[in-house]
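> Top to bottom, those sequences are chains X and F.
Going by this note's numbering, the letters in the first sequence line up with residues 1 to 214, in that order.
Going by this note's numbering, the letters in the second sequence line up with residues 1 to 217, in that order.
Just so you know, these hints were derived from the structure itself, not from any lab.
Think of the CB as a built atom: it goes at the ideal place given N, C-alpha and C, for glycine as much as any other residue.
Hints are not guaranteed to be accurate.
Said to hold, decoys possible - Calculated pairs, BS3-like style, for lysine-lysine (alpha carbon to alpha carbon, straight line, at most 30 Å):
no., chain 1, residue 1, chain 2, residue 2
1, F, Lys143, X, Lys80
2, X, Lys213, F, Lys67
3, X, Lys80, X, Lys213
4, F, Lys143, F, Lys112
5, X, Lys79, F, Lys114
6, X, Lys80, F, Lys112
7, X, Lys55, X, Lys71
8, F, Lys64, X, Lys63
9, X, Lys79, F, Lys67
10, X, Lys141, F, Lys135
11, X, Lys80, F, Lys64
12, F, Lys183, X, Lys80
13, F, Lys183, X, Lys71
14, X, Lys141, F, Lys114
15, F, Lys143, X, Lys70
16, X, Lys213, F, Lys213
17, F, Lys114, X, Lys80
18, F, Lys143, F, Lys159
19, X, Lys71, F, Lys193
20, X, Lys204, F, Lys64
21, F, Lys67, F, Lys193
22, F, Lys141, X, Lys213
23, F, Lys215, X, Lys199
24, F, Lys183, F, Lys143
25, X, Lys204, F, Lys193
26, F, Lys64, F, Lys215
27, X, Lys137, F, Lys114
28, X, Lys204, F, Lys209
29, X, Lys137, F, Lys143
30, F, Lys141, X, Lys71
31, F, Lys146, X, Lys70
32, X, Lys70, X, Lys125
33, X, Lys67, F, Lys94
34, F, Lys58, X, Lys80
35, X, Lys71, F, Lys64
36, X, Lys63, F, Lys215
37, X, Lys141, F, Lys159
To be verified - Restraint ranges, calculated between C-beta atoms of paired labels, are given here:
no., chain 1, residue 1, chain 2, residue 2, range
38, F, Thr57, X, Lys63, 41 to 49 Å
39, X, Lys125, F, Glu168, 37 to 45 Å
40, X, Leu150, F, Ile204, 25 to 33 Å
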Amino acid sequence: MFSRIQDMFFEVNWRSSILPTGPALLLTLGGILLSACSAGTNFERPSADAIVLGKTTPDQITKTMGKPWKKLATESNGKKLEVIIYSYAEEYSPVGGPNAALGRTIQLTFADGRLAGHEFFSSFKNDHTDFDVSRIKEIRKSAHSTEDVLHILGAPTGQQVYPLIDDAEQLRWSYRYQQIPPRGIKVQYVKILHIYFDKNRKVKNLNFEEKGKR
Amino acid sequence: MMRKIKHQSLAGLFNIDTLKRLFSTLALSMCLMISACLSFQTVERPEENSLILRQTTKEEILKKYGKPNQRSESIRNFEPFITFIYAHVSGTAKPLHEYAQPTKTLALNFHKDKLVSYSFLANFANDHTDFDESKVKLVQKGKHTKTDVRNLLGTPAGKGVWPILASEDSLAWQYRYAHASYKNGTPPNIYDKEIAITFDEEGIVSDVKLTVKGKLN
């Protein structure tokens, strides 16, 4: 069987360092490799009420979504985390063009048995998570609320709270889009926007990283 | 002379059939995958006093290290910054831990053309950034100075300031070791540990954070 290698980047690896270390580390260390021409089991993005921070349990997820593609144990801020990942890939992406494969992944992270973060990213046409980078500059620190950000960028592709983020009072919204190569030896593309909201749900901070070429 | 870089790009040496054969060797396939975007080169550990935060310029780095393997633009704390990556992935060097892919990487971040953070990571047997994480409990918040931390943990492999850090008055030191190991086929085992130490404006430890992800083998 011809082995196609896809890089699957996950939040657990992306935020693993205090200093941004860029795509080389992600390529060498942050990728989990999924082989085969079509890989993983297809799944549908769960609705917002099926993934509620602080409430949803791992059992509820696996009961409705089935067996995960992968389970990981990790930690953040001294807390043990359970990570459940569903991932599916096919050849070629209508969004990414002929040099990118189709893929969708959701990662759900639990602390103390409750959902502490989720992130979905897809290059399938019907549920792709591509977003408009040019609008990031419209977001204003301290002035804008979650509703303002929703209006500017649309719904986030993920949300995370402590212990996935450092501050127990903050909420993080993530926007993530990535392309995976149809063969394993091409540069891939990933962009991630993180917006942090304070306890009053006003924008506290904003980080954005873009790697590779579309 | 701190270091030198030799470009030895392997791109184009293999046709697709050759690649298929080579893909059966997992460690080598990893090299090839990376070679598509990173040329093979040597990356040596930078001397600490050659990289001065808020002082060393992007042009100085380009002059000294040459063109980076990768360059990207990002935003932290609302501030745009530029990342340079110099990377070396070896198919032949002896790794510190069995089955690990030998890798050396130097990442540098610039804000308004000045260095604001760097991070060196290596897992070669003869040059690595591994450290004794059990010593982290000896570092005391609110008391220890940079000298104390250096005496306990050695020279940091990375440093960073605002806007890489959220606080404009803080300085972070980083100790980090990581590898991807290939023992039982894909997916590889990812091991990644870091001690991040933050100092306040007085140079006193304000935060200590140990993160360990994955298992050694």
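> Hints first: check each against the structure and report whether it holds.
Structure-based check of all given hints:
Taken as a hint, the Lys143 of chain F and Lys80 of chain X pair is honoured in the structure, with Cα atoms around 28 Å apart against an allowance of 30 Å. Under the criterion of a C-alpha separation no larger than 30 Å, the hint pairing Lys213 of chain X with Lys67 of chain F is consistent with the structure, at around 17 Å. For a cut-off of 30 Å, the pair hint linking Lys80 of chain X to Lys213 of chain X is broken: about 34 Å separates their Cα positions. In summary, the hint linking Lys143 of chain F to Lys112 of chain F is not supported, as the alpha carbons are separated by about 33 Å, beyond the 30 Å threshold.
Using a Cα cut-off of 30 Å, the hinted pair Lys79 of chain X and Lys114 of chain F is violated, with the two alpha carbons roughly 36 Å apart. At roughly 38 Å between alpha-carbon atoms, Lys80 of chain X and Lys112 of chain F are farther apart than 30 Å, so this suggested pair is violated. Distance check on the hinted pair: Lys55 of chain X and Lys71 of chain X sit about 19 Å apart at the alpha-carbon level, within 30 Å; holds. With a C-alpha separation of about 56 Å, the suggested pair Lys64 of chain F and Lys63 of chain X falls outside the 30 Å cut-off, and the hint is violated.
With a C-alpha separation of about 40 Å, the suggested pairing of Lys79 of chain X with Lys67 of chain F is violated against the 30 Å cut-off. Between Lys141 of chain X and Lys135 of chain F the CA atoms are separated by roughly 39 Å; this puts the pair beyond 30 Å, and the hint is violated. The straight-line distance between the Cα atoms of Lys80 of chain X and Lys64 of chain F is roughly 42 Å, outside the 30 Å bound, and the hint therefore fails. For a cut-off of 30 Å, the pair hint linking Lys183 of chain F to Lys80 of chain X stands: about 25 Å separates their Cα positions.
Distance check on the hinted pair: Lys183 of chain F and Lys71 of chain X sit about 19 Å apart at the alpha-carbon level, within 30 Å; holds. For the given pair, Lys141 of chain X sits about 24 Å from Lys114 of chain F by alpha-carbon distance, which is consistent with the 30 Å threshold. With a CA separation close to 43 Å, the supplied pair Lys143 of chain F and Lys70 of chain X exceeds the 30 Å bound. A threshold of 30 Å between alpha carbons decides the hint, and for Lys213 of chain X with Lys213 of chain F the separation of about 28 Å falls inside it, so the pair holds.
Simply put, Lys114 of chain F and Lys80 of chain X have alpha-carbon atoms about 37 Å apart, too far for the 30 Å limit, and the pair is violated. Distance restraint check for Lys143 of chain F and Lys159 of chain F: the Cα-Cα separation of roughly 20 Å lies within the 30 Å cut-off, and the hinted pair is therefore satisfied. Distance check on the hinted pair: Lys71 of chain X and Lys193 of chain F sit about 20 Å apart at the alpha-carbon level, within 30 Å; holds. At most 30 Å may separate the alpha-carbon atoms for a hinted pair to count; Lys204 of chain X and Lys64 of chain F exceed this at roughly 38 Å.
Distance hint between Lys67 of chain F and Lys193 of chain F is fulfilled; the C-alpha atoms sit about 29 Å from each other, no more than 30 Å. Between Lys141 of chain F and Lys213 of chain X the CA atoms are separated by roughly 42 Å; this puts the pair beyond 30 Å, and the hint is violated. Taken as a hint, the Lys215 of chain F and Lys199 of chain X pair is broken in the structure, with Cα atoms around 35 Å apart against an allowance of 30 Å. As the CA atoms of Lys183 of chain F and Lys143 of chain F are separated by approximately 43 Å, the hinted pair breaks the 30 Å bound.
The straight-line distance between the Cα atoms of Lys204 of chain X and Lys193 of chain F is roughly 28 Å, inside the 30 Å bound, and the hint therefore holds. Between Lys64 of chain F and Lys215 of chain F, the direct Cα distance comes to roughly 36 Å. Violation of the 30 Å bound is thereby established for this hinted pair. In summary, the hint linking Lys137 of chain X to Lys114 of chain F is supported, as the alpha carbons are separated by about 22 Å, within the 30 Å threshold. With a CA separation close to 22 Å, the supplied pair Lys204 of chain X and Lys209 of chain F stays within the 30 Å bound.
Between Lys137 of chain X and Lys143 of chain F the alpha-carbon distance is near 40 Å, which puts this suggested pair outside the 30 Å criterion. As the CA atoms of Lys141 of chain F and Lys71 of chain X are separated by approximately 35 Å, the hinted pair breaks the 30 Å bound. With a CA separation close to 41 Å, the supplied pair Lys146 of chain F and Lys70 of chain X exceeds the 30 Å bound. Note on Lys70 of chain X and Lys125 of chain X: the hinted pairing holds, with a Cα-Cα distance of about 24 Å set against a maximum of 30 Å.
Taken as a hint, the Lys67 of chain X and Lys94 of chain F pair is broken in the structure, with Cα atoms around 38 Å apart against an allowance of 30 Å. For the given pair, Lys58 of chain F sits about 39 Å from Lys80 of chain X by alpha-carbon distance, which is inconsistent with the 30 Å threshold. Of the supplied pair hints, the one linking Lys71 of chain X and Lys64 of chain F is violated, its CA atoms being roughly 44 Å apart against a limit of 30 Å. Under the criterion of a C-alpha separation no larger than 30 Å, the hint pairing Lys63 of chain X with Lys215 of chain F is consistent with the structure, at around 29 Å.
Distance hint between Lys141 of chain X and Lys159 of chain F is fulfilled; the C-alpha atoms sit about 26 Å from each other, no more than 30 Å. For Thr57 of chain F and Lys63 of chain X, the hinted distance range of 41 to 49 Å is not satisfied, since their beta carbons lie about 56 Å from each other. Here the CB-CB span from Lys125 of chain X to Glu168 of chain F is close to 44 Å, well matched to the stated 37 to 45 Å. One distance hint, 25 to 33 Å for the beta-carbon pair Leu150 of chain X and Ile204 of chain F, is violated here, with the actual separation near 41 Å.
When held up to the earlier numbered hints, the structure conflicts with 3, 4, 5, 6, 8, 9, 10, 11, 15, 17, 20, 22, 23, 24, 26, 29, 30, 31, 33, 34, 35, 38 and 40 and fits the remainder.
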